[in-house]
Each structure stands twice: as C-alpha cells, then as structure tokens.
Amino acid sequence: MNAKKIIQYLAPFTIVLIIAVFIFDIWSNGSIVHPGQAGYKANCSECHGENGEGIKSLVPPLNHADFAAKNIDSIPCGLKFGLNHPIKVNDTLFDGTMYPFDTLKLDEVQIANIINFMNKEYFNSDREVTPQWVIEQWKKCKK
Amino acid sequence: MQQTTLRQKTQSLVMRFFSFLPALCLMLASCNFNTRLPVYGPKSTVEVMKDGRKTIDSVDYALPTFQFTDQDSNRVDSNTIHGKIFVADFFFTSCPSICPKMMKEMDLVYEKYKANKDVIILSYSIDPNRDSVARLKHYEKKIGFESSKWHLLTGNKDSIYNLADKFLVSAGEDPDAPGGHIHSGNFILVDKHRRIRGYYDGTKEDKVQKLMDDIETLLKEN
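Protein chains in written order, with the numbering used here: chain E, 1 to 143; chain H, 1 to 222.
So that you can see chain E by itself, here it is in the shape it has in the complex (with noise of 0.2 Å):
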C-alpha cells in the first residue's frame, strides 16, 4: 500500500478525532467552572490560598473549615467591613486582622457567586445563595 492511500483511509477518522477533541475542550473549560471561581481567585486566594488551605495560623482555612461552614451568613458583612477580632477555626487560634473588601467594590453578585463557590467546593453544601440575600446580610451588619 502506498503512503497516499494511507493517508486518503485516515483523513476521515483523524477529521473526527479533532472535531471530538475541540468538543471536549470546550465542555470541559466552559461548563465545569463555577462562576465564583474567578472571584475567589482574584480576591481570597492570595491568603485563604489556590484550595483554601490558608497559611500555617496566619490566615485561616476556608476549605473544610468549621468556623466559615458555620458562619455563612456573616460572611457577607466580614467581606464588606472586615474581621478584626480573634476567631477559632478548627480549634486553632486566628488574631489577625482581614482586609475589608468594600474598598475592592465588590458586588453583591461577585460576593453571591463566590459564596456559591466556597459552598460547593469547600463546605461540601448544597445551599445556593442569592444577591439579594447578600444585601439583606449587609443590612444586619454591626459596623
């Protein structure tokens, strides 16, 4: 058989195979990634770290953390105003201080998706939330 041949049999099949490949490539990009992964990425992985593992006890843990699972509601106006008081996250003293992300000018989608992010990835819930809810949190907020 000659290489022309080869390559007339071929053609169709390796045809197929990019089509398929540039098919996946697109399902697996487009529709696996949250949209509140691109927030937490920008804002709260330089500390809380790329899968939440925090920095040693500077910086808390968010991934599989009991302090933040159970304090979800608060986490809208920690965000907005920032934490400024000791907390205990997996029986492990924090004292630090965190940046209050009002003056990032997040908003209450950006902080809804994110929320909605760390729900699934990190505290294994289920529980989606909504802007509206984020606005409704910010209401209550002790400044």
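Honestly, I wouldn't trust all of these hints.
[As the list claims (entries may be wrong)] Derived lysine to any residue pairs resembling SDA-like cross-links, with alpha carbons at most 25 Å apart:
| # | chain 1 | residue 1 | chain 2 | residue 2 |
| --- | --- | --- | --- | --- |
| 1 | H | Lys-142 | E | Pro-100 |
| 2 | E | Lys-88 | H | Ile-143 |
| 3 | H | Lys-192 | H | Glu-47 |
| 4 | H | Lys-157 | E | Thr-97 |
| 5 | H | Lys-207 | E | Ser-57 |
| 6 | E | Lys-88 | H | Lys-137 |
Since the hints were derived computationally from the structure, they do not count as laboratory data.
Guided by the hints, dock chain H onto chain E, whose structure is given.
Only chain H this time, still in chain E's reference frame:
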C-alpha cells in the same frame, strides 16, 4: 526506488545539520552562561594611594551597618550577618494585605535554607512602635520557625525607614492604606559584603523560585 549515491547521502546529511543549526543556536542562547548576579545601586569613587600615586577607584554600593532587636530580644547587627548571605523584607505584624502571602513565600526560602548556616533571613518591621519583641515572638509562633535563622526585627522607627531607603525600596506610613502603612513587597538578596544582588516580588511564587536559584549562584561566588 532510485539508488542514492554516497555523494547525495553526505549532501543530505550536511543539509540536515544546517537546518538544525538555528535551533541549536537558540538552545545555546537560552542557556545563561553569564551567571554572575548584578550589583545594584550607584557606584561611588574613592581616592586611593597606589605605588605612591593618587588614583581614583570605583566602589560598589553597599548597605550601611545597622543594629536592631529581634523576637528573642537579641541584638542583630553587622556581627550577625558577617560572612553570610541574607534575604531581607519589610512587613508588620498587623498587616492585613500582602504580608501573609509574603510570609508564606519567605517560609519556603526558610525551609530550603534552614540547615545552611551561610544564609539568614531578616524581616524588618515598619511598624516598630506597635511591633514589640513580644508581638514579634507571637508572630514567629504563628508561622513556626527558628529565630536564629529568621530574625523579625524591631527598633528605632527612623532607623528602619532610613534603612529601607538604603535598600532602595519604599516603606512609609499612609493612613489610607490597609493597616496604615505601605511598603514594598520585595525580597532583597544581599551578599556577604552587604551589596544588593537582587530584588524579587515576594508575593509571586515564580519570582521567589528565581530568588532561590540566585541564592545558589551567590553561594558559589567567592
């Protein structure tokens, strides 16, 4: 099939070699043969007597001597850094923004060189009035490291700010900044003669990796 002659074979071999030549050149160019690190800062000139005649000699920029106190109340001065390479940065314990990330990255440098007595780390507090020895000790415990290797330093505020100037980095008070202070996030590599040999963004993993590569280069330097 046509029979190829020896002449054709050698020709095609030579052609092949030449077609690889640009790639080879690129590969060689990407290797860094000049491994000597630069010396930062302005050179100064001095008059020296050489063979009974006055001549002008240029001198590399070097950091001045200093004296501060670390988290164990020990004095850290020229004797501490004598004959050692050190990595310096500026921070403060109540810093809510870039410091935790810088500490995480510096901890990697610490972990790599904790057994090497030729390398130490100095972190200067730019909020020395609040950062007492006790506070620095508390901060050390949060990260967990050996104080003889990684000194957290406090002292006279003006001296620290003056030293930051000499390190050619910015540090200052700013009521609008988170935590009330602004400072450079750079890690600074200093050689045995107190000369600055590199600046690295202490919040970026790849830059800190470069710092560790450069420490290796500097350790080989006499």
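Against the structure, the hints:
Our distance criterion of 25 Å between C-alpha atoms is met by Lys-142 of chain H and Pro-100 of chain E, whose separation comes to about 22 Å. This hinted pair checks out: Lys-88 of chain E and Ile-143 of chain H have alpha carbons roughly 16 Å apart, not beyond 25 Å. Between the alpha carbons of Lys-192 of chain H and Glu-47 of chain H the distance comes to roughly 24 Å, so the proposed pair stays at or under 25 Å and holds. A distance of roughly 23 Å separates the Cα atoms of Lys-157 of chain H and Thr-97 of chain E; the hinted pair therefore holds under the 25 Å criterion.
Between Lys-207 of chain H and Ser-57 of chain E, the direct Cα distance comes to roughly 24 Å. Compliance with the 25 Å bound is thereby established for this hinted pair. Among the hinted pairs, Lys-88 of chain E with Lys-137 of chain H is consistent with the structure: their alpha-carbon atoms are about 20 Å apart, no more than 25 Å.
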